[in-house]
Structures are given as structure tokens and as C-alpha cells.
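Enquirer: As a plain string of letters, each chain reads:
Number of protein chains: 2
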Amino acid sequence: MRLATRENGTPDGELLVISGDGARGIAAGERWPNLLAAIADWAAALPRLSTLAAAVEAGGAAIDPSTLRAPLPRSWQWLDGSAFATHGELMQIAFGTDPIDTVKPLMYQGLSARFYGPLEPVPFRQEADGIDFEGEFGVIVDAVPMGVAPEDALGHIKLIVQINDWSLRALAVPEMKTGFGWIEAKPACSMAPFAITPDVLGGHWCEGRVHLDLEISWNGKRFGNANGREMQFGFHHLVAHAAATRDLVAGTIIGSGTVANAGYREVGSSCISERRAIEIISTGQAATAFLSFGDRIRMEAVTPDGEAPFGAIDQVTVRRE
Amino acid sequence: MRLATRENGTPDGELLVISGDGARGIAAGERWPNLLAAIADWAAALPRLSTLAAAVEAGGAAIDPSTLRAPLPRSWQWLDGSAFATHGELMQIAFGTDPIDTVKPLMYQGLSARFYGPLEPVPFRQEADGIDFEGEFGVIVDAVPMGVAPEDALGHIKLIVQINDWSLRALAVPEMKTGFGWIEAKPACSMAPFAITPDVLGGHWCEGRVHLDLEISWNGKRFGNANGREMQFGFHHLVAHAAATRDLVAGTIIGSGTVANAGYREVGSSCISERRAIEIISTGQAATAFLSFGDRIRMEAVTPDGEAPFGAIDQVTVRRE
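Those protein sequence lines, which keep their order, are chains P and A. For the first sequence, the residue numbers in this note's numbering are 1 to 321. For the second sequence, the residue numbers in this note's numbering are 1 to 321.
Hints were generated in silico from the structure; no laboratory data involved. Possibly wrong hints are sitting among the right ones.
Identical copies look the same in the list; a pair holds intra-copy or inter-copy alike.
[To be verified] Capping the alpha-carbon separation at 20 Å, the derived lysine to aspartate or glutamate pairs in DMTMM-like fashion look like this: (1) 221 x 151; (2) 177 x 89; (3) 104 x 30; (4) 177 x 266; (5) 221 x 314; (6) 104 x 184; (7) 177 x 101; (8) 104 x 307; (9) 177 x 98.
Bear in mind that the values here come from a model prediction, so they are computed numbers and not experimental data.
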């Protein structure tokens, strides 16, 4: 099942059930008007949404992609991991920081009050902050009890999403060195239009990981197509870590961190900082600059058949006046 | 004006306008059924709430303190500062960490999906995690635009609250050393029952700081009564820092960090870790253990006249089975 959120003038938007080809939709209706309401009542909502998912294949109305917002335009909690070891290794080079000494998943709490839609221009105050993207996968859980085991956490993963975790690199290292995590360096993220149930991915959802290439282009030029399978911890481990000492509210979104592969020389990267680290490794110096206003970033996870189950993020950066 | 939230079976509770003596209340009514709705529409809600605030002094119904939840039982964003320099200095000793090198306010994003009510038992999985309290003040803002100046941020502070930021010290240092901030070490916080408009404090709200003693007792024994005036940054500076690269959603709560004074030998502390640091300074060794299950913590900011404008937090810790 594939879900989306349409602009309707409300903060949470209108929940749509979307056809397999991503072209048509049916509104979920009054009882679960938006995805945040549905995920909070998932056991009751799922049968109705599944019925609509069957109906939309035979009917539904064409949807206008420009009306689609993030599947969750806001939520109560966004906990972003950093589960790709290759990303961690390259970021140490990019940031000039020491290796992180932990056997647990890395995770910070980020801004959940707003997720930009897939086509929405993204505002920043100044290019000098080092505007960067981070292509990720994420999962949305129902209510998860404190202390859940990883094997039980898997069943709480109800939806999978694709995320661009916008980052401001010039602000990141000083904040990281405080130990407090990131406030300035992590503004709001963006989401691809479709939140999907794990079954949509078939065998590409395996051991709590999304085994798909995440194709990223920058101003129309290929930047990377790393695969989600190389997560050091599966999403069920990230959920269990997030819930170690807290109950997770339904609608909590857990991120994978930037998708990165050991074979980065072939597949490229999912953020500029990694490319800069690779340049440092190769030549001793970073050559690629961060984003300028007006730059366009497109991100689309694709199956071997060329399908894009999450749809695409396709956005430009703009100056916030 | 003094506001509270009464249990009514909904996630956000029922907004009440409370009398100056904290004893009586009037429901705000259907248009702004809860505080999260009111703060999102503050300019429209304020005149109506002010009318009710006048009415409640002449009438209203007695409120049962056991029915009061946190003023905001959940919100979209909780950004906790660490604005008391004395707290920072003592925590370095308690944690055995290096001084933090920054001229900006310290701040992390914490769990906002749940704030425990003032009398609610607070569940933890194990005492070995080092259960500690942190007595703080906080402010609730309306929508704040990205890049706001501190002098403009002051006007966005609509309500002031009193918070216990529960902390798990055994988990804190390893997380801090990752640079990612705290997930495991920072479970849900608690709030005192009344959110108040700044005017309630009169001259005790000064330069964006709450000039009140925060009286804390542990199992009935005085623990500390540090004053909120010694914040290195006022709340308006904390709000501006929080909004440096993000719009703040209405209902965002900004915390002061643990209230601490340079004269800690006289006024005591607002968390156990600080007392342990003071013991280390005095004797070379921490003597005070962290909390046990069943321990009771009471926190109450008081005026020189002995009034408690926020009411009191009075809670016991319990084991989560």
C-alpha cells in the first residue's frame, strides 16, 4: 500500500491512498483524515486503507503531483540515525573529527515539526552556512513500548519513506563538539511523496533494510546511486535503540542516516560532504563546493525494474528573505 | 494569566483558565479546546482567555489537582538549553569531560511527544541507569520566524513553565561523546501544573529570566533553592539561537537547563549530578547516589511572599515492568 498527503489547507493535510503506478488516489476519508491520525490508530485504519488500496487500482482520480506534501508534514518525533559505516568514516575525514567510540547506533533528535514536500522550494538564510543534502531512508512506527527488543521492533515498522535530511555543514562541527547534537546545523528535512508499507518492496525490504539504489542528481547531473542494504544496524535495531528508555509515540520517524556504500568510487555519494572527503583522500583537498541558491536536487530510490516506489524528491534551494 | 490542562481522555487534554490562587478553573471552551490549539492561534485566543481569567476570579469551579496534566502534555518541539554557567562547570566535573568551547548557547533537541503531569509517577526501566532530576524553567513561544533577533524573540515568549528534565546519568557521557546529543539519557520530562503569562511574575520576569528560587526537595528533605536569575543567556537569546536556521512552530518549548547558582554552597543544587560534583570538589569523591524507585521529588518555584505561581511538581519514580 502506498499513501500520500495532499494539501488541503490544514497543518496535517489530507491522507490519500495511491495506486501502484503513483498516478491516481482516493481520499482516506473523515475517520482518518490525515496520516498522523491514521498511524495513531493503525490497527483500525489498516483494513479500511487496504480496501481503498484495492479500489484505487480500479478507479480513483488522477492526482496532481504539485499538490502533494510530505506524507507526514509534521510529526511528534524525528530520530535520525547514522547507520552507514562508510558515511561515518567519510564524515570524520570531512569534519576533521576523531572516530566515534560506541557499539550502539548513532542517533540524534531532529526537527519534526515540519517536513517539506517533495517539490517544495527549501529556504535557507545564507549559502555560507554550507548547504548540503543527505539522501536517506526512514521508517514510521506505531506506538512502541520502552525497552522493545529489536526482533519485536520490526513489527512496529508500518511505513517506509525516503528523506532528504538538509544539513548546514559550516555549523555542524562546532555544534557536534559541544556533545549536544545539532540545532543550527539541522533545519527541516524533506520527504518523497509516497509512504509505503514494507510489502510494496517485496524482497527489497530485507533484515530491516531497504535494498534499493538511491539515485541522486544535482542540477540534472548524476551524483550518486548508493544502495540502502549496507546499514550497519537494521531499522529494527534503530527503533529498539530509540525506545531504550522512552515509549515511542505513534508517528515517530526513524532515519537511516545518509546512504553510503563501501564502493563509493563506483556508486558515488548521497551528500556533498562525503564527496569532499573522497576528494581529500584522493588529492588532499576538497574541491566540490556546497549548494548555491537555485540549485536543484533530485532523489529517487529505484528498483532494478526502474520503478520508484517512493516517487521523487525534486527541489530547489532558495534564499529566505 | 494562569493556564492548566485537565485530563479529558484526549491526547492534548482540556485547556483551563485558572484563578490566581490556583484553586479554581474555567474550561476555555470549544474553539481552543487545548493549549496546543490556543498557542497556535494565540492572537485570537488571548482576548477570550483574558476574559475568562477575569471571570474565574469571581467564580469558576474548584479544580481537583489530581486531574491536572502537564500544561502541554505533548508538543511539536522541545529544545533544552544549558544556560547556567555554574551547571556547566559542575557537570564537567561530574562527567569528567572537557570544557565546552563555544560562545553560543548550548542546546539539544529532546523528547516533546510526552510531558508527564505534575503528580504522575514517572517510569524508568532500571535504577542502574542513574536516575536524576533537573529543575528548570521553560518558555512556550508562538510561531517564530527563522533568523529572529533576540530583542524580537522576547515578544514571542507567551508562557512560562516549570520543568523537571529527567535524566539518566549512566547513559549520558557515552552519548555526549558521540557528539549526537542524548536519546537514551533524556527520557520524557515533567511539568508543573500552571503555564503563566510573563506578567504574572511582575518584576520577577526580568531580562528574559525568571528571578525566582526553585525549591527542590528529595523525599521531603530540602535539596536546593537556586534562583533563575543567573542565566548566562536570557530566554530571548535561547529562542533566537533555536530559530537561527529554522522557523519555530507555535508551541515550541525552550528550556533554561538546570537552574544553578555560583553560591551553590548556600543554595544547594537542582540535580544530583551537581551535588556529586560539589562532593568531588570537597572530598575527591561523590557520595550521593542517584534515585531509587519510590523516591519522591518535589519542585516549586516560589516568590519572596511564598507564592508558587507554577504550582508544584511532586512525583515518585517507579519501575516500568
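Enquirer: Take the hints in turn and mark each one as holding or not.
Expert: Hint check:
Taking identical chains as interchangeable, the C-alpha atoms of residue 221 and residue 151 are never at most 20 Å apart, the minima being 40 Å within one chain and 44 Å between chains. For a Cα distance limit of 20 Å, the shortest separation of residue 177 from residue 89 qualifies both inside one copy, at 17 Å, and across copies, at 16 Å. When the C-alpha separation of residue 104 and residue 30 is checked against a cutoff of 20 Å, the pair qualifies neither within a copy, at 42 Å, nor between copies, at 46 Å. Taking the shortest alpha-carbon separations for residue 177 and residue 266, neither the intra-copy value of 32 Å nor the inter-copy value of 33 Å comes in at or below 20 Å.
With identical chains, the CA atoms of residue 221 and residue 314 are at most 20 Å apart within one copy only, with a shortest distance of 13 Å there and 59 Å across copies. For the homomeric pair residue 104 and residue 184, the shortest alpha-carbon distance between copies (11 Å) is at most 20 Å, but the shortest distance inside one copy (25 Å) is not. In this assembly of identical chains, residue 177 and residue 101 lie within 20 Å of each other by CA distance both inside one copy and across copies; the values are 14 Å within and 8 Å between. Taking identical chains as interchangeable, the C-alpha atoms of residue 104 and residue 307 are never at most 20 Å apart, the minima being 34 Å within one chain and 46 Å between chains.
Taking the shortest Cα distances, residue 177 and residue 98 sit within 20 Å of each other both inside one copy (10 Å) and across copies (10 Å).
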